[in-house]
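**Student:** What follows is the residue order along each chain.
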Amino acid sequence: MLDKVNLDVVRGDYLGVVGPNGAGKSTLLLGLLGVLVPQAGERVPPPPSLRVGYVPQRGSLDELFPLTIRDVVMMGWELYRSDSPGAARVDAALESVGLKGLSDRRFRELSGGQKQRVLIGRALVIEPELLVLDEPTNGLDLPSEHAIMELTARLHRDGRSIILVTHQLNLVANYARKLALVGDKVVVTGTTDELLVADRLTAMYGTRVRVAEVDGYRVIVADPEAHL
Amino acid sequence: MRSSTLVLLFALIAPALFAATPAPGPAASAAPDPLEALERRIEESPPNPGLPPIPVHHDVPEEHTHPQPHFHHESHDVFFAFRADFMQRAILAGVLASLACAWLGVFVVLRRMVFVGIGLAEVASAGVALGVYMNWPPVTVALLATMSFSAFAGVVRLRGHVSPESRIGLVYVIAGALAVIMLARSGTGEAEQLEMLQGSLLTISSSGLVHLAVLAVGVALVHVFGYRRLVAVSFDPLTAHVAGVRVWAWNLVLFLTLGAGISISLQGCGLLLVFGYLLIPAVTGLVSGRRLPGVFAVALATAAISTVSGLWLAFEWDWPPGPAIVVVMTVALAVTTLVRAILD
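Chains as they are written, first to last, in this note's numbering: chain X, -6 to 221; chain G, 2 to 345.
Keep in mind that a hint or two might mislead.
As the list claims (entries may be wrong) - Computed footprint of chain X on chain G, listed as stretches where at least three residues anywhere in the stretch have a Cβ under 8 angstroms from a Cβ of chain X:
1) 132 to 146
2) 243 to 255
3) 288 to 294
No wet-lab data here; the hints were simulated from the structure.
For each residue, glycine too, the CB sits at the ideal point set by N, CA and C.
Bound conformation, chain X alone (with noise of 0.2 angstroms):
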């Protein structure tokens, strides 16, 4: 449950939805996506003219579905079109995920961090203005999850507005640049700077935080006294 949410997102936004875990960061992004229903105050919806891609977190689809990556790549443009997507634009967004060449591949038998870029393919195919991502990194590796970001990052850049989900502070630490921290009921927007210090993050997640810089990266842990 969330209470008294005020959150704007802005085009060209790279906003990092941050917070411990069972705080509300999925309740809210289902909130903005308009799947659930505030229980008082207004959800102001987006532009009907602008397209939202929507990334989900792999744990909630169904890997028994004998579909290959052309098959989920092209239900993302059958979802709102009744027309196919024609091979060229499904190659497009294979290939600006990294997967151009792979199109047949059995969905199922692709690592984590594959199946993870074929979700953002299949977000990609309707060219959306706004990206929003519901923990991409989840259950991936160290280089995985650096492509995961590093291909948000690109995509940013190339003027998608962009929410990302997620619960590790040190990945949103490093390529957002607004933060909507959730926990306890409220949520606290801002910007990194703002937001990603030490006494802040120590009340909101009810032990020691230290944020630190190692070569002009910043890192967040948990401070191991504080366990002790």
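Given the coordinates of chain X, work out where chain G should sit on it, guided by the hints.
**Tutor:** Okay, now just chain G, sitting in the frame of chain X:
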């Protein structure tokens, strides 16, 4: 394949194998003999010029009577079985039911709702039993019962302390108990129970055939029109919702067509065969097909070919038709699994 699916497959095949080798016993000899009804129907039907006479055994010793039709003949013509009018009707009915149920079965297996399929079949049984007991049209009552349950299961998401499987299990047990009680209270209880389990493909009426034809055409139209949406809401309902697709409505369409498919097929095919059609062709398709269209194609082909082969086997080897078709489908699944294992 999930272990629960394998267990359900075994549970399906085991009674079919036992039913294929019936042993005479007090219960069997006490039950009204469908053979006699079939023989009466054949004798009373007008002669069909150009077809060989239907072999009817009047001299079966009483101690060997059992509730299965008996069609042994001496002809060496392998197509002899297909020339009889009642066999042609049985094949047509079986193929129509098998195509509708096999198509729906792919969604049932992919969406991991096999238990819902069993629950719906049991609700349809209870509907038939209620119809028999109250002297109402059994198919209509079964259709209404399954459609109501389908609408409930497809739309309502009750919060509670038990899993959806447990709730479906409750429905299954209650519907089964009610069906047995109502059939026991009706005048022809045991015969009705047997027919509900094994079906009556060989004696299917013209109205039964029409019902099945309407079902097959209806399922085909709805699912061809809504194929992409049904796949999308089954694979990734959340993204479909975000895209503006009415997920609840498409779920309802799927559940309603499933309820109609099960209830209409039940009287001709019986509980065992309907459930077999829902499960085995779909699993065969999933074992062999790389893509969804291929899975559907293999499932439909398995169901239709197994129906024709199973009925031929039933005619030639004097097996009950429903279990014979289940056994043939199982052999098809075993062969497909073996070939897939070799190719992989």
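**Student:** Are the hints correct? Go through all of them and say.
**Tutor:** Evaluation of the provided hints:
no., hint, in the structure
1, 132 to 146, "violated (count 0)"
2, 243 to 255, "holds (count 4)"
3, 288 to 294, "holds (count 4)"
In the structure shown, a violation is registered for the earlier hint numbered 1 alone.
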